[in-house]
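S.K.: If you read the sequences in order, they're chains A and B.
Heads up, the final residue of the first sequence is numbered 460 in the numbering used here, and it's a clean run with no missing numbers.
Heads up, the final residue of the second sequence is numbered 460 in the numbering used here, and it's a clean run with no missing numbers.
The hints are simulated quantities; they were obtained by calculation from the structure and are not laboratory data.
Note that the structure is predicted; figures quoted are calculated from it, not measured.
Each hint should be verified, as a subset may be incorrect.
If several chains are the same, the list does not tell them apart, and a pair holds so long as it fits within one copy or across any two.
[Claimed, not checked] Calculated lysine-lysine pairs in the DSS-like style (CA-CA distance at most 25 angstroms, straight line):
(1) LYS401 with LYS307
(2) LYS307 with LYS297
(3) LYS423 with LYS234
(4) LYS401 with LYS431
(5) LYS131 with LYS158
(6) LYS307 with LYS397
(7) LYS421 with LYS122
(8) LYS431 with LYS421
(9) LYS271 with LYS401
(10) LYS363 with LYS297
(11) LYS131 with LYS421
(12) LYS288 with LYS423
(13) LYS234 with LYS196
(14) LYS131 with LYS423
(15) LYS158 with LYS122
(16) LYS196 with LYS131
(17) LYS122 with LYS431
(18) LYS363 with LYS122
2 protein chains.
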Amino acid sequence: MLFHSTDLNHYVVDVLRKAGLSAEDGKVVADNLVGANLRGVDSHGVTRLSIYVKRLQAGVVNPRPNVQVVEESDATLLIDGDDGMGQVVGKKAIDLGIEKAKQNGAVYIGVKRSTHFGTGAYFVQQGIEKDLITYAMSNAPSTMAPWGGIQPYIGTNPYAFGVPAGKHRPIIFDMATSVVARGKIITAAQEGKDIPEGWAIDKEGNPTTNAQAGLEGSVLPFGGPKGYSISLMIDILSGVLTGAGFGSHINNIYGDFDKPQNVGHFFQLIDISRLMPVEQFKQRMDQMIEEIKSSPKAAGVEEIFLPGEIEYNTEEKRKAEGIFLSKEVYEDLMQVGEQYGVDINPYTTTGSARER
Amino acid sequence: MLFHSTDLNHYVVDVLRKAGLSAEDGKVVADNLVGANLRGVDSHGVTRLSIYVKRLQAGVVNPRPNVQVVEESDATLLIDGDDGMGQVVGKKAIDLGIEKAKQNGAVYIGVKRSTHFGTGAYFVQQGIEKDLITYAMSNAPSTMAPWGGIQPYIGTNPYAFGVPAGKHRPIIFDMATSVVARGKIITAAQEGKDIPEGWAIDKEGNPTTNAQAGLEGSVLPFGGPKGYSISLMIDILSGVLTGAGFGSHINNIYGDFDKPQNVGHFFQLIDISRLMPVEQFKQRMDQMIEEIKSSPKAAGVEEIFLPGEIEYNTEEKRKAEGIFLSKEVYEDLMQVGEQYGVDINPYTTTGSARER
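So that you can see chain A by itself, here it is in the shape it has in the complex:
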């Protein structure tokens, strides 16, 4: 089924308002989810809406959180998310952080008592727009064994980073610290597809290509012990340091419906202008990008892409051509709306009666 991104965004907002969110907060979540679909990261797109709504309905996610600063110094913020949706809590944290970074030069922001924040790139984009170098990290329920172990302890803790450029598009990466995002394994399981070897081990510690067995076992870190170390770093910053859950003490978004997740996030913002005039920085970024793009290519490579470039290309294309959702994702999405009497049909390009 094909959707125009604006229509899909409206559908998500309308459903979330029925689930108790303000229109403003619903828009933040919709921008985050549909933004992921636009960038081609469908595993973190609207496919997540049904579980989000299920947790709101279970009362373990707070639709109207009182997000507040609980500790503060010139260069740090600690924020209590009041069990709100991760996107809403994260956006508030980034907004407060942008203000502080502009005032004092830079900031580190810890967040506790939050939930799954969707795609980290969304937060990074907020900072980049203000000429701030931006990091977004989060811990996550345990799905990855410690290096040398077989039982999940840490999450696939996402690591997102971005910087603006001048005439070129920003450089952004947004990576799971597993070989691939667990969301991709979830998508494979939903679509009944196999996964490549090297993505996950089953619960006995054996390599597996069965998506479901991988979900029940442990995903593998990218780059072996190095990626594992970075994942651990993210859990220490997001979880241990903030007072959120860490390691196996984060509740599962798909399993624990009787208690909040207590996910933690960690954001970093650096005001470029405090180290170098912004225009000069952007010229230097452009130079770097041009030098990399014009570098000799490996056999079979048509173009060298910077981190985030493929996602920007996909976004342009999908903004113009629409977002395609598989039958499984579409039906799941439709059913979420049905619970609230929100009919998905008018929002689809194929079924649309709506003016654009």
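Put chain B on the given structure of chain A with help from the hints.
M.R.: Same frame as chain A, now just chain B:
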């Protein structure tokens, strides 16, 4: 040849004083190099002394740099290293940063006009001792191709991070963003050994197991495009943002003897106490460490180690038993002293006439 670490440290200091450094600065470099040997990271140990001295003699490294703050905000510092030795410049930056982080809660520190800073763990340890979460990064001469390319553009830019724990030892990682540190390939080439496939490609872009061909070609990033993205991030922070060289614009420590390297570093320090009482944080770290150590092990794994734990174990052993240097490294080291009339023999355990 076997050395007691204190004697080896004294030898390095004595040689560096002859090469123009103050006793205090010589001690910083010696602590960094011998510290790497103690931790088992011989590729970043005293094997580097000869090239350091060669660059001091060539006049492209300043033995008495005027390291100063050139830009400052509440949460940022930009430091000009005046082409001093990276260890000396980095130590000054960390000392200034510790002061600022204690005062304002946290800091980001950019450094330009510096040189190879040795092992990042050394700087991380300075911050950890003061209960600060600490990062040390540096860019480096281009030895790694962009993802999709074959010609070196970025360095194996090291990424070091550490946090204190309570009754357990700190967690520290200090990784090259290549599959392995280029220093290990240099060591292999010096010792005439092959390298495993997957570490490097030759200058035509073909996989190679020949260490020398790998040095002339391009090393590979850890974890494919993810490790490459992190390496690029480090170059953006250390190079583009600070005004240091970046990409292919950093001069080669082993090749360019007519100009300074213009390496950049990036340090980050976070005062734990601004987010959580330090004792509570350390208890939480201890809990995490104990949970990981007691996690079920994979087949064939005797013990699960935390990042940095093996290095701490090696340090204990080598402090007691001494540091063994291969014949090649020993002779190279001996010749550096000979130029200044410093005889290495009295410093060795086997040849020692010195009181301890």
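S.K.: Against which earlier hints does the structure fall short, listed by number upward?
M.R.: 4, 7 and 10
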